[in-house]
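All the letters of the sequence shown, read from the start, carry residue numbers 1480 to 1913 under our numbering.
It is possible that part of the hints are untrue.
[What the hints assert, rightly or not] Capping the alpha-carbon separation at 27 Å, the derived lysine-lysine pairs in DSS-like fashion look like this:
# : residue 1 : residue 2
1 : 1841      : 1748
2 : 1761      : 1659
3 : 1551      : 1659
4 : 1748      : 1761
5 : 1910      : 1843
6 : 1537      : 1551
7 : 1910      : 1659
8 : 1537      : 1659
FYI, nobody ran anything at the bench for these hints, they're computed from the structure.
Just so we're clear, the structure is a prediction, and the values are computed from it rather than from any experiment.
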Amino acid sequence: MTEQSNRVFLLSLGCSKNTVDSERLMAQAEAAGVVFTESASDAETIIINTCGFIADAKEESINETLAAITEKESGRVRKIFVMGCLPELYRSELQTELPEVDGFFGTRELPAILTAIGARYRSELHLHRSLTAPGHTSFLKISEGCSRSCSFCSIPRIRGPYISQPLDQLLREARLLQEKGVQELNIIAQDITLYGVDLYGRQMLNDLLLRLSDMAFHWIRLLYAYPLNFPLEVIETMSQRGNICNYLDLPLQHCNDRILRSMNRGITKEGELALIEAIRQKNPDIRLRTTMIAGYPGETRQEFEELLEFAATVRFDRLGCFSYCHEEFSPAFALEDSVPEEEKQSRTAELMELQEGISEEKNKRLEGREIAVCIDRIEENTAWGRTEWDAPEVDNECSLEGAGHTIAPGSFCLARIDGSSPYELFGTVLKVLE
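Let's have the full structure, built from the sequences with the hints guiding it.
Rendered as structure tokens:
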């Protein structure tokens, strides 16, 4: 290995799938003697794992690359490599516009970027990961790519077709994570519900879930489920297994039938409502998270008000909303981006204001209850954590004031909820759980 490449700063942007890719890169590189630094100022090489999903993410990726170029021009950094989603979409343009970057690598070029930093890919380490943070919670990516054809999305272009990871391989990876101290396992993919169809000829998510549950993780959480042909046996398993969180991330994107057809979602409003009812009947304690898009091409005020009414009626436990982004590599780019940007932002804010009121009411009902909380971090004398109904980074937090010196990150405790706000709970630790 060269002297220039043995100290590397890796900046991972975007989603949890990118985080897993970065952790795999780090494990391979560290096995070859590469040292990863906490800051760019301590490194000879900077790697930026980019996100290219929406305009804001692209802008952040470009800005971070420009900042790295400034470091290189000042002599503080010798090499810059850019990897991930952005080069997958714009490699030739990036090479032309950013000649200061020493190499661009797509989402499926791990061996090549390892070679660029003086390491080599070792197949016997393909399941190993160096966890970035925090050590008690991590992600298990059960597939690569996506074979859906949602009109607003460029992920199939970026990541390729859906490829399930073999079940036995996932169990080995989960065991390695458990050996590193992971207690909360978050199951992720572009679509977890399709898991196994390409390998085994049927949906295998429930089979995987049962096997993972047997491994005695404290919490197992399901993220990124597609609503079409959702395997309801998963909800039955969830209600029967104590270590599977009563939580499901089910992005619906919209409810209006015309828009759902244009989005190529394969489901109707009636189908969405029937699925939600079936899920809640099978597991009344479940918390549902969804994601919506406001300002999709052609969305009228009446169609948006239908979405507002839908959200008010269903009363999702967690809801996020994105303003539609006109992505040039998505099928919807052929449509006219007809809703003005200001109107998109206004509709997004309107839906989130509605959800804030729903969240406030739902959190208020938790006051006085005793609930298990996973501690994520300590700030001075306050412990911050989450309930089983809250995924890392995107959902509610629970603040336990006065507990900072009595409990550590990664601990689970029983807490009494004393107060709440729309997106926070405030409580008191009653006891530490084994």
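Status of the hints after comparison with the structure:
Proposed proximity of residue 1841 and residue 1748 is supported: the alpha carbons are some 24 Å apart, at most 27 Å. Annotation: proposed proximity of residue 1761 to residue 1659 is violated, straight-line Cα distance about 34 Å (limit 27 Å). For the suggested pair residue 1551 and residue 1659, the alpha carbons sit about 35 Å apart, so the restraint of at most 27 Å is broken. Taking the CA atoms of residue 1748 and residue 1761, the gap is about 20 Å. The hint holds against a cut of 27 Å.
This hinted pair checks out: residue 1910 and residue 1843 have alpha carbons roughly 22 Å apart, not beyond 27 Å. With a C-alpha separation of about 21 Å, the suggested pair residue 1537 and residue 1551 falls inside the 27 Å cut-off, and the hint holds. At roughly 25 Å between alpha-carbon atoms, residue 1910 and residue 1659 fall within 27 Å of each other, so this suggested pair holds. Distance restraint check for residue 1537 and residue 1659: the Cα-Cα separation of roughly 33 Å exceeds the 27 Å cut-off, and the hinted pair is therefore not satisfied.
Of the numbered hints listed earlier, those contradicted by the structure are 2, 3 and 8.
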